[in-house]
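The residues making up each chain are set out below.
Number of protein chains: 2
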Amino acid sequence: MTHSQLTTITEADIDDIAIGAAVLGTGGGGDPHVGSLHAKRAIRLHGDVRVLQVADLDPEGLVVPIGMIGAPSVSIERIAGDAEIGRALDLLEQATGRTVAAIMPIEIGGGNSLIPIAAAAERGLPIVDGDAMGRAFPEAQMVTFHLAGYGPGATVLVDAQGNAVLSYPVNGAWSERLARVLTFEMGGSATMIDYAYPGAVVQECAIPGTLTMAREIGGMLRSQALRDDERIDAMLARLGGFRLFDGKVTEIERVVDGGFTRGRAELAGTGVDRGSRFELSFQNEMLLATRDGEVAAVTPDLIAVLDQATGHPITTETLRYGARVTVVAFPCHPQWRTERGIETAGPAYFGYDVPFTPVEALAAEAAPRMEKAA
Amino acid sequence: MTHSQLTTITEADIDDIAIGAAVLGTGGGGDPHVGSLHAKRAIRLHGDVRVLQVADLDPEGLVVPIGMIGAPSVSIERIAGDAEIGRALDLLEQATGRTVAAIMPIEIGGGNSLIPIAAAAERGLPIVDGDAMGRAFPEAQMVTFHLAGYGPGATVLVDAQGNAVLSYPVNGAWSERLARVLTFEMGGSATMIDYAYPGAVVQECAIPGTLTMAREIGGMLRSQALRDDERIDAMLARLGGFRLFDGKVTEIERVVDGGFTRGRAELAGTGVDRGSRFELSFQNEMLLATRDGEVAAVTPDLIAVLDQATGHPITTETLRYGARVTVVAFPCHPQWRTERGIETAGPAYFGYDVPFTPVEALAAEAAPRMEKAA
Chain A
1 MTHSQLTTIT EADIDDIAIG AAVLGTGGGG DPHVGSLHAK RAIRLHGDVR
51 VLQVADLDPE GLVVPIGMIG APSVSIERIA GDAEIGRALD LLEQATGRTV
101 AAIMPIEIGG GNSLIPIAAA AERGLPIVDG DAMGRAFPEA QMVTFHLAGY
151 GPGATVLVDA QGNAVLSYPV NGAWSERLAR VLTFEMGGSA TMIDYAYPGA
201 VVQECAIPGT LTMAREIGGM LRSQALRDDE RIDAMLARLG GFRLFDGKVT
251 EIERVVDGGF TRGRAELAGT GVDRGSRFEL SFQNEMLLAT RDGEVAAVTP
301 DLIAVLDQAT GHPITTETLR YGARVTVVAF PCHPQWRTER GIETAGPAYF
351 GYDVPFTPVE ALAAEAAPRM EKAA
Chain B
1 MTHSQLTTIT EADIDDIAIG AAVLGTGGGG DPHVGSLHAK RAIRLHGDVR
51 VLQVADLDPE GLVVPIGMIG APSVSIERIA GDAEIGRALD LLEQATGRTV
101 AAIMPIEIGG GNSLIPIAAA AERGLPIVDG DAMGRAFPEA QMVTFHLAGY
151 GPGATVLVDA QGNAVLSYPV NGAWSERLAR VLTFEMGGSA TMIDYAYPGA
201 VVQECAIPGT LTMAREIGGM LRSQALRDDE RIDAMLARLG GFRLFDGKVT
251 EIERVVDGGF TRGRAELAGT GVDRGSRFEL SFQNEMLLAT RDGEVAAVTP
301 DLIAVLDQAT GHPITTETLR YGARVTVVAF PCHPQWRTER GIETAGPAYF
351 GYDVPFTPVE ALAAEAAPRM EKAA
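Heads up: the sequence lines are chains A and B, in that order. Okay, so the first sequence: first residue is 1 according to full-length UniProt numbering, each after it adds one. Okay, so the second sequence: first residue is 1 according to full-length UniProt numbering, each after it adds one.
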């Protein structure tokens, strides 16, 4: 475990990044296990991946976010092939008439943190230590580029059947609409590029250091040097987060609907939380957590579900009846707490009739309980 | 009225072409009135359109079919602006790296025979006297290029909101699937380019002379030199067609469903057909006609519904309860009667549990009735 900035990603880094990114993915972002197999294989075949800090980007160089779009329930079944990634990058280069200078994760979450590492390895390109969400979100316009007023630009979708689509949506909302129906028709999952911008724009918009952070917290959760109960606490300390609930899943509803995995889970408290009920609502990602009917954490803040036994994150897709879990939450990047950030990815956007309240304020309100739980 | 080949399309030709194309459009292909307004305006602003015979095409020159896709119920409400057409052609030129040499109607039906005339006028390009259906069909892969084994190639969709999509579908079926969901999401109607090929491929695949034919039969139906009852007979003689039924619409069901206008109409016989019932089924275009439960004509043969008073064609969109109509049918181009033609656009494809039987054979079976009706 190291706290230094990433400069190179080797095969040995992938498991840490995968676990850390699954926490930051708040249950979504695509399956981290599938993504890590892909990234490891690409590094084995093509070599280690050089990491560029956001501050060090060439302001003129084209930085290309690449990842998967669709319902995690589908992407878990099939992985983007090298051919899809190569085709998508080729099509973007053809459309823009420019050469890709660096790859970037569009979100730091689950598989979508690992697919870009694979893409960078395959193309011999560096990867940017940063992303456009600082977490994972379910919709394409939920990126910091959008918050800063940038449109999606030339947008590429490539599917496993060999179909390739290049679109120029008028704005982020249209990008999401068009990509979602296409992805659904393509079978529920596709490889996507959007918000490809020169380094200067990435420096203005990206949330820096998130691959380093993913590796760091993944390293904490996988550390042999820490006791079971110390691992989660170490991570919460690093992220300024809170332990919300210990419990057992007593009900889980999950449907693939309109290109998303949507659902909710109910938990019955265990240990210090015995006697309390907890509910999680998700659309690919965990979006709302309530304890005994009171909001405990809500989007755009991050909510993650961890396996009590291992401390490892559980995706919305793999959460199952009877699982014993610890639910944690931590503050989102400040960009998401602006008026435009809340409008774009706050509770009202997802149809939840609750105001956004920062998780640290909610935790303070619930202080007696939190102290008891600590 | 003239029987000579078109060499130039002037504003004065548009009404004849519109009426003739609406007959060949078998009820679909987009609204001919809206299309004719667009074509007339474009000719007025930009000048007459030169017509190229299929045989005279430069084998190397890129021929571009352009038209509208979507439910006629929607396209009747909004017309493709000049901006959409220009954007679509620009995007195709950018994607192929080639300059468009000529415009072609993808289908000779309704508005989709007139939009390409408008496009040609706006761009100062010639239009090809031919199309890829010899009629109108509801789905994108129902073209003679597909019958000959050619894929859709670079496919462009542009909508009224300003969204533009360039896709490379793996085959005609995927082109239809992707274009249909996009069109639906775009509001039900979009400007489309597909099957853009060099003149040599168009010479191999296109059905020649169909704009000339549309103008010719349109001229017959609009002729002041012919009596009311002579007009339809003149057209049927020209097309080798048959008068199937005179009747009154007693029931009409029509829904916009999955990007199509689908429905059926029931007719009660009038005049010589008194006492008989007739039924029409459509998906944008008229596809199946039955008389007292017996097939009278079926796709890919052409079925057209004409206003008894004027002899003018009625689209599936504007057919209304109480209308007094004459239903006619005529043989499709021989390419559609091949095994692949029937497989692509025959009754089984549309879910009708009847075999394809040529309309001339059906008419011969029904000869006693047809003679009585004549």
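Hints are computed from structural coordinates only; laboratory data are not their basis. No experiment lies behind these values; they were computed from the predicted model shown. Among the clues, some could well be false.
What the hints assert, rightly or not - Across the chosen pairs, the derived CB separations fall in these ranges: (1) A:A148 x B:A200: 31 to 37 Å; (2) A:A148 x B:G162: 52 to 58 Å; (3) A:E294 x B:A160: 42 to 48 Å; (4) A:V354 x B:A148: 57 to 63 Å; (5) A:D56 x B:V170: 36 to 42 Å; (6) B:G47 x A:A160: 53 to 59 Å; (7) A:D56 x B:G97: 34 to 40 Å.
C-beta: ideal position from N, C-alpha, C; glycine also.
Do the hints match the structure? See the list:
Between A148 (chain A) and A200 (chain B) the CB atoms are about 49 Å apart, so this pair departs from the stated range of 31 to 37 Å. A148 (chain A) and G162 (chain B) have their C-beta atoms about 21 Å apart, which leaves the hinted 52 to 58 Å range violated. Our hint of 42 to 48 Å for E294 (chain A) and A160 (chain B) holds, since their Cβ atoms are close to 46 Å apart. Separated by about 59 Å at the C-beta atoms, V354 (chain A) and A148 (chain B) satisfy the suggested range of 57 to 63 Å.
For D56 (chain A) paired with V170 (chain B), a C-beta distance near 40 Å keeps the hint of 36 to 42 Å intact. In this structure, G47 (chain B) and A160 (chain A) break the distance hint of 53 to 59 Å, their C-beta atoms being roughly 48 Å apart. Hint check: D56 (chain A) to G97 (chain B), Cβ distance near 35 Å, so the stated range 34 to 40 Å holds.
Violated hints, listed in ascending order, are 1, 2, 6; each of the other numbered hints is respected by the structure.
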